[in-house]
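A.B. asks: Since the structure of chain A is already known, use the hints to place chain B on it.
Quick mapping for you: the protein sequence lines, in order, are chains A and B.
For the first sequence, this note's numbering assigns the number 1 to the initial residue and increments by one for each residue that follows.
For the second sequence, this note's numbering assigns the number 1 to the initial residue and increments by one for each residue that follows.
Derived from the structure by calculation, the hints contain no laboratory data.
This one's a predicted model, so the numbers in the text were calculated from it and none came from an experiment.
One or more hints might be untrue.
As the list claims (entries may be wrong) - Computed list of chain B residues with no C-beta within reach of chain A, every gap over 12 Å:
| id | residue |
| --- | --- |
| 1 | ARG14 |
| 2 | ALA82 |
| 3 | ALA85 |
| 4 | ALA97 |
| 5 | ASN127 |
| 6 | GLU196 |
| 7 | GLU215 |
| 8 | LEU244 |
| 9 | GLU253 |
| 10 | ARG260 |
| 11 | ARG382 |
To be verified - Below, a list of computed lysine to any residue pairs in the SDA-like style, where the Cα atoms sit at most 25 Å apart:
| id | chain 1 | residue 1 | chain 2 | residue 2 |
| --- | --- | --- | --- | --- |
| 12 | B | LYS233 | A | THR61 |
| 13 | A | LYS96 | B | LYS206 |
| 14 | A | LYS96 | B | ASP61 |
| 15 | A | LYS94 | B | LYS233 |
| 16 | A | LYS94 | B | GLU59 |
| 17 | A | LYS128 | B | PRO217 |
| 18 | A | LYS94 | B | HIS205 |
| 19 | A | LYS207 | B | ASP319 |
| 20 | A | LYS128 | B | ASP61 |
| 21 | B | LYS245 | B | ASP208 |
| 22 | A | LYS91 | B | GLY58 |
| 23 | A | LYS94 | B | LYS242 |
| 24 | A | LYS94 | B | ARG110 |
| 25 | A | LYS128 | B | PHE64 |
| 26 | A | LYS94 | B | MET109 |
| 27 | A | LYS204 | B | CYS138 |
| 28 | B | LYS242 | B | SER123 |
| 29 | A | LYS94 | B | ASP213 |
| 30 | A | LYS128 | B | GLU215 |
| 31 | B | LYS206 | A | ARG98 |
| 32 | B | LYS206 | A | GLN92 |
| 33 | B | LYS233 | A | ILE54 |
| 34 | A | LYS128 | B | LYS242 |
| 35 | A | LYS94 | B | ARG199 |
| 36 | A | LYS204 | A | GLU227 |
| 37 | A | LYS173 | A | GLN92 |
| 38 | A | LYS91 | B | HIS216 |
The beta-carbon is built from N, C-alpha and C at its ideal position, and this holds for glycine as well.
The residues making up each chain are set out below.
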Amino acid sequence: MALTLTEACPQEDRLASGHRACLGCAEPQIVRQILHGIEGPVVAASPTGCLEIITTPFPTTAWRVPWIHVAFENAASVLSGAESAYRALRKQGKIKDRDITFAVFGGDGATYDIGLQFISGAFERGHKIMYVCLNNEAYMNTGIQRSSATPFGAWTTTSPVGKVIPGKKQHRKDITGIMVAHNIPYVAQTAPHAWRDMMEKARKAGKADGPAFINVLCPCPRGWRYESAETMALSRLATETCMWPLFEVENGNYRLNYIPAEKKPVTEWLKSQRRFAHLLRPDNSEVVAELQQGIDHEWEKLLRLAGVNEA
Amino acid sequence: MSQTAPAPEKVKGRVMALEGDVVVAQAMRQINPDVVAAYPITPQTEIVQTFSEYVANGEVDTEFVAVESEFAAMSACIGAAAAGARVMTATCGAGLALMHEVLWCASGMRIPLVMAVVNRSLSAPLNILTDQTDMMSCRDAGWVQLYGENHQEAYDNAIQSVRIAEHPDVMLPVMHGLAGFVLGHTLGRVELLPDEVVRDFVGEHKVDASLLDIEHPVTFGAFDHHDNFFEHKRQQWDAMDKALKVVAEVGEEFEKLTGRPYRWVEPYKLDDADLAMVIIGSGCGALREAIDEMRAEGIKAGMLKIRCFHPFPGQAVADALRGKEVVAVMERATCIGSEVSPTFLEVQTALALRGVQTKTVNYIYGVGGRDTIPAEFCDVYRDLAKIAESGKVEPVFRYLGLRDF
Chain A
1 MALTLTEACP QEDRLASGHR ACLGCAEPQI VRQILHGIEG PVVAASPTGC
51 LEIITTPFPT TAWRVPWIHV AFENAASVLS GAESAYRALR KQGKIKDRDI
101 TFAVFGGDGA TYDIGLQFIS GAFERGHKIM YVCLNNEAYM NTGIQRSSAT
151 PFGAWTTTSP VGKVIPGKKQ HRKDITGIMV AHNIPYVAQT APHAWRDMME
201 KARKAGKADG PAFINVLCPC PRGWRYESAE TMALSRLATE TCMWPLFEVE
251 NGNYRLNYIP AEKKPVTEWL KSQRRFAHLL RPDNSEVVAE LQQGIDHEWE
301 KLLRLAGVNE A
Chain B
1 MSQTAPAPEK VKGRVMALEG DVVVAQAMRQ INPDVVAAYP ITPQTEIVQT
51 FSEYVANGEV DTEFVAVESE FAAMSACIGA AAAGARVMTA TCGAGLALMH
101 EVLWCASGMR IPLVMAVVNR SLSAPLNILT DQTDMMSCRD AGWVQLYGEN
151 HQEAYDNAIQ SVRIAEHPDV MLPVMHGLAG FVLGHTLGRV ELLPDEVVRD
201 FVGEHKVDAS LLDIEHPVTF GAFDHHDNFF EHKRQQWDAM DKALKVVAEV
251 GEEFEKLTGR PYRWVEPYKL DDADLAMVII GSGCGALREA IDEMRAEGIK
301 AGMLKIRCFH PFPGQAVADA LRGKEVVAVM ERATCIGSEV SPTFLEVQTA
351 LALRGVQTKT VNYIYGVGGR DTIPAEFCDV YRDLAKIAES GKVEPVFRYL
401 GLRDF
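Bound conformation, chain A alone (with noise of 0.2 Å):
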């Protein structure tokens, strides 16, 4: 099933141009290509957020699907009951069999958050939904905010850097392991620089039967603090520091889907962003250290996982 750029682009953007993104935001760009990975029609969902924000100006829209939004927390909800009503309408014969795809786009925020128990909730029903987590690692949409998701030692408005606190303290939370946890078909990782392994997972994400969870790494320029053009170079540099790795879980089952031939070491990650930047002093060396650990530690379970052995 591998999918190609022939096949990809003569296709209808279905998330249309026009949209206020950011220069260099990623969301956009993501969204349209997982769009286009999945067969056949979408309804589509967001929470409250930047995405939310940029493509729905009232009386504009950027959306060529159908497509809605209720509140911050509840999107995986709120489809809950579409999808409902697509198998209620159907089973009365009062609708059509179209092979729907529904489909959530949320940030960090409304995923590993506010939104978490409402994600759970879903999927632990059932719900045919495929779940997109646009993950830029804070509340970007308020202005850069820390989340669950915001990386150890990170720069952001409510985890300053201060005289007696160097960032924020705490590990990022595991959400890609909490949905694994839930035994749904489809779970992976991916971020926008691999686009044809973006769009096969939301292909696979699409045609799972029953939920799927798809953790997309999302560069923010404005909240992570670096050049606009850079957006995909990172999206690359994230999976070469194993800061992201890539894999997917079908059905309980890991694959790694990219093992960087030479694993470069975080600070090429710090070095990066300036979201990071106090942690390239000395005094705060063993920040590094312990953010390195903490991916050291990760990338080796994933690796156990996927039952690869690194040479």
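C.D. replies: Frame of chain A; chain B shown alone:
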């Protein structure tokens, strides 16, 4: 036509003794909504579990979504309704409070869903018993609010609410309240209409736009800046105004079918009364008894029951209370901070706007499930008689049945 049409035959119902929750569940079974998303909470639980049985036995076509919270219940209802489904749910007390944010989303997105609220107090202290604080505290959320006095009204309101919510002039969510344990968990007499009569009455659910209409993609829930928000909210004010007429029209149509009259308000021995109480919900039963006792004593006591709280039927309330010497507005809710209670604010405003001059006082009663017996209502009428005699209304804000502490 020269021939006089015979008076239409009223539909004969099946008389049963059922708990209030089961009555609501029965109405839901007959309405046969496409989707029900709900979460159990005492004393609403029996609605959810009874309806689950109908689903399990294939008695309805409904997809029942057993969500993990009330917030999810309301959210799923909104999503299902946006996808073109007829949607119902039920909750109470803390569950309604948890929904608060999305109640506003439902009305702002013009989602015509129907929710039974088995009225329960709000914590703290934790209390699972009857009062109307739950619905009173979301009275500004843009929902039509009806209240039933007894089992029959809970049933009839559930059915009428569908028509009110889905009326093209309204397109607003409707919540209808019934007293927690007093009705919800207590057997009472109810006359159930035949299934097909209910289905004909509610009719087919039609929508202008649906999430599932792939060929005509619609964006639901776009955001507004200062340039459009006000105009969109204005449409909600209009819809709520129009709902007042629709509540009455649907009530009249229902009366033609069943012989049971439904309006915004219902008087009891009010016409010639000097002393009146305004009341909402199940307390009306004990109050009627009190009125009969007072009448036997020669005191002209009367009552105005409010069935439709929002939209507030100000004209009907003012007309009904015009000429009364003293009016007590009874409130079964703990909404604290105003000089008076929510219903008093509505009633007093309705009177003042129409130049109806009468002495008014405000009683808090029955909160947290405290019983109010006819003798206590009689005490209130005696208080009102004293006010009429002395001309002194102070204190305006009073407590009924409160122990010294």
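A.B. asks: Okay, which hints does this one fail, numbers in order?
C.D. replies: 2, 3, 7, 15, 19, 23, 27, 28, 34, 36 and 37
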